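Construct all of the structure, not just a fragment, from the sequences and the given hints.
Chain order of the listed sequences is A and B.
Count along the first sequence from 1, then add 83; that gives the number in the working numbering.
Count along the second sequence from 1, then add 2; that gives the number in the working numbering.
If you're looking for bench data, these hints aren't it; they were derived computationally from the structure.
In this text the structure is predicted, and so the values were computed from the model without any measurement.
Be aware that a few hints might be false.
Said to hold, decoys possible - Partner residues are not named here, just some residues of chain B that face chain A (Cβ under 8 Å, in silico):
#	residue
1	47
2	108
3	112
4	119
5	151
6	198
Backbone N, C-alpha and C fix where the C-beta goes; we use that ideal spot for every residue, glycine too.
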Amino acid sequence: MEATNGKTKAGDWQNFERILLPPIRDLHKLDVYEAEYDGYQAIQKVLKEWEPGEVVNEVKQANVRGRGGAAFNAGLKWSFMPPKGDRPRYLACNADESEPGTYKDRQLMEYNPHLMFEGILLANYAMQMDACYVYVRGEYVDWIDHMERELEKLYAKGYVGENIFGSDFSTDIILHKGAGAYICGEETSLMNSLEGKRGYPRIKPPFPAQKGLWGNPTTINNVETLAHVTLVMRHGADWFSGIGAPTHPGSTIYGISGHLNRPGVYEYPTGMLITDLIEKVCGGMRDGKKLKAVVPGGSSVPPLHADMIEGVTMDADSLREAGSMMGTGGMLVLNEDTDMVTYLRRVNHFYQHESCGQCTPCREGTGWLEAIVTRIDEGEGNLRDLDLLIDLCDQMEGRTICAFADAAAWPVRYTIERFREDFEAKCKPAVFDTGGVTISA
Amino acid sequence: MPTVTIDGETIDVSGDKPLLQECLNMGTELPHFCYHPAMSAPANCRQCMVEVGTPVRDRETGELKLDDEGNPEIQWMPKLMTSCTVQVTDGMVVKTHRTSEKAKRGQKDTLEFLLINHPLDCPICDQAGKCPLQIQAYKYGPEGSRFEFRKVHKPKRVKLGPRVTLDAERCINCTRCTRFTEEISGSCQLTISERGVKNYPITMPGQPFDDPYSMNTIDLCPVGALTSTDSRFKARAWEMSRTPSITTLNARGSNCYYMVRDNLIMEVVPRQNMQVNEYWLPDEERVGWAYERFNDMRPAHGPELRSDGELTPVSWERATDAASKALGAVDPSEILFLGSAHATVEDNYLLKRLAEALGADAPRYIPHIDAGHDDDWLRTDDRTPNAQGCERLGIHPIDADVVRSRVEAGEIKAVYVLDDDPVGAGLFTEDQLDDLIVVLHYYNTTNQTLPVTDVALPAAMVVETVGTYVNDHGHAQTVRPAKTIKEVNRTLMMATGKSRPDMHGTPFDRWHNDDNQVDCLPGWEVLPMVAAHLDIDLSYKGPKAIMAEVSEENPAFAGATHEAMGLQGVRLEDVGEPA
Ligand SMILES: Cc1cc2nc3c(=O)[nH]c(=O)nc-3n(C[C@H](O)[C@H](O)[C@H](O)COP(=O)(O)O)c2cc1C
Ligand code: SF4
Ligand code: SF4
Ligand code: FES
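What follows is the structure, given as structure tokens:
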């Protein structure tokens, strides 16, 4: 079990100084970012002194694991880009943030958008991209407006566009507003949406690096992932990989919600004990209630029973062992009064509503799951419904174009598996038709 | 050539087609809905799932790894794969539902999902009986349903456009229809609207689905969601026989099936021919007049003669005798023979032989050109099916000015017309023909030459005859009768083959109805009768024998025997200007 002596993978986290969201007033403005946070120094240094390939290697070595959900090494992903040829190449910055319980990218775009913009420039240089499309969740109107203004300044100062910072590298950044579909956060759907098509995920292969936006080589990264890139290039890979969990390093933004005294958005190193986050960071459970469940990384990751979180830390390895995933780092904490059937019903409704509708198992399955769970929640369900639910999960998982169907099925499978008593309590008792014969129990 | 092993059977494959197509080609049926060979594969129905494995290679040497028994070691993909998106590679091993419980289960599961919100109104659905969802659900689906909730409700009876009606509840969201307008017709008129289970195809608000090829989506639709506004609810699939033939309103001769019930043409649907129309048919070949002309507009009586100014029904014997007398009454140089680009090669050939035997000028035909109709696809400026056939026989377009002045000058005394309408076509006015003897083989009572006709001979149409047409690319195709005529004709009866959609009909199973038989005859039967009255021998054993002779004697028809043309036709050599 992890560090019980007060030291965790997150190290001396009580004294951790925030790096993604440092406490600097008006940091979202270009002049403040430059004057008070070494803004756009890393990119200028890199443009002068680094070969693109070296940047890829540095990020790979830093082991910046994608913060969009799958926790894939960003540098490694970049290295899948084919060598530069005649075709244009694109970066897509995934700012669609729609996973329930997740609101970390929003903080970055609100308080430190230039960290993301600088990361985009670094990534664009590393992979020699012609442009980056930032696909922003449409509801983030205020921050889109703000970022548009800041981006204009960047163009005006020659930080973006032709020959950035006087170098011979040119690249563009384009902000694009989404129209409110969760599925458009899935990377291939995002590309279709950018192209003006329906937000239908594409079949992989071909992978985006081979055939992405408009059929050209493309890489997709999350906002936070790209923000970290700036820090890596500013302070070096070793510095970065020294923070937090060794196999999943860096700081991260924990969006913590639920029955807590101080829910909120917190930046800490990865590898934090879940118990520390609940007790020390968020001030413990509200009204002294007992903990029932933790959903560590957004609504689609398997929920953990209170019994399962002892010693579990917030990094991919520890969470996998515990039976869940890091996901987006959006953590939902539920107390003993929570009816997990009602919780699941709400989650199911979300997935039913958001399925793009392409694949048969997802389109039909998400609605069916919701219908059954609703019936159980309303006291009309039967015990055999639980078997049916698990069967439907079997019929959906791994059988669709994108991972949405898995994301919709996992909460069902694991909520039933781990909180079965809640379901049994709501199901009608099993009635056996014995044809009049009395069976003694 | 790569090889794949499917359910234990190893076959050579081209490697450029997806696994699903290879399976279908080798005769292994795999259930599927969204895949269509002419369009991109979205893999959205998730029906065609199979287990796929590939041989393991040694990382260093690249050699195949062998197991203890010396067989290549196979690495199986952990998930079921949609065969429509699997590119076949050498040594691939595949297990379909025939040999894999997992694949069988996967296919069954998908069908269960497909049916939960499907209305299952098969008893009133036009697609029932030929419905891929119905057929595959019976074959591969679960026995019952575990779904105990209200089904999703979506728009019904939506008139997407002038010819296509949508029932969104039946739709299984395969996107074949939207992909057709995007990738094949290019009109991009259809798109999917809404999300998830509320999905259905629709046009942009206020835009009609008036793509001139819109009805192909009806054929593509694997369920009864898209139906023909014109023919929906008129005939069940199993009540109709289905005859492979060609359409005749364009020079392309697109391949089709004529669907017949009670000896009436109910529907015209496309038939695959990769050298002619691939899978498609223009809408104009199958709505309204395009097939009503085979039913309602046919002559109510058999042959007729004009007496006391009125056309009066007579026997075929008398009518052909009258026709021969008309020809015999004038000098052969005074007869104008009009062949026809609507008529078969066989009929035109006999007409030409008759003209020759009499010593008259060679027949000419009336071109029917609708400039600007051509769309570089299946619609052509030439609105007749056999202009090429005429040309190859040495029958050329008529020079309207020359022939009109000859009529004016009284140099022409008799006009013998094969399956055309010189007045309707504007070649002559009624007045110009009034004083001439006119013999007319005709299809429809709307023929405007009838008022000045002396001998009217109802002619068998493409749906009633056996014969050959040559399309604008020189593709020669035979047709066979889809409906029966009143007269007894052995050749036609023999050619009336199995044609039920289930392929289990009897040769005479035309969903027969004597009331709807037309008293008409094919040219190749009438012309020899006319000739016989003139002591000219034009007798053949039927159109097959005629074509055998034509293909033998005329290099422009080399190889075009009925046997060779079969159901897919023969591409004729381009021999330049025929003699
Ligand atoms: C249904 C679905 C929704 C997703 N939504 C988001 C999202 O809103 N934001 C995001 O960054 N990644 C999202 N992802 C993950 C992306 O597909 C992709 O993996 C990620 O953007 C890659 O960035 P990263 O490697 O930097 O994490 C989603 C994935 C799925 C399957
Ligand atoms: S799994 Fe669901 S969301 Fe993903 S492509 Fe299929 S239908 Fe759309
Ligand atoms: S209407 Fe028919 S063809 Fe179109 S998506 Fe639905 S099922 Fe497929
Ligand atoms: S045919 Fe393969 S998924 Fe539809």
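For each hint, the structure was consulted:
1. Below 8 Å, beta-carbon pairs count as interface contacts, and residue 47 of chain B has one with chain A at about 6 Å; its hint therefore holds.
2. With 8 Å as the threshold, the beta carbon of residue 108 of chain B comes within range of chain A, its nearest partner Cβ sitting at about 7 Å, so the hint holds.
3. Given hint, residue 112 of chain B at the interface with chain A, holds; its Cβ is 5 Å from that chain's nearest Cβ, closer than 8 Å.
4. Hint on residue 119 of chain B holds. Least Cβ distance to chain A is approximately 6 Å, under the 8 Å limit.
5. Given hint, residue 151 of chain B at the interface with chain A, holds; its Cβ is 4 Å from that chain's nearest Cβ, closer than 8 Å.
6. Taking 8 Å as the C-beta cut-off, the interface hint given for residue 198 of chain B holds, the closest approach to chain A being about 4 Å.
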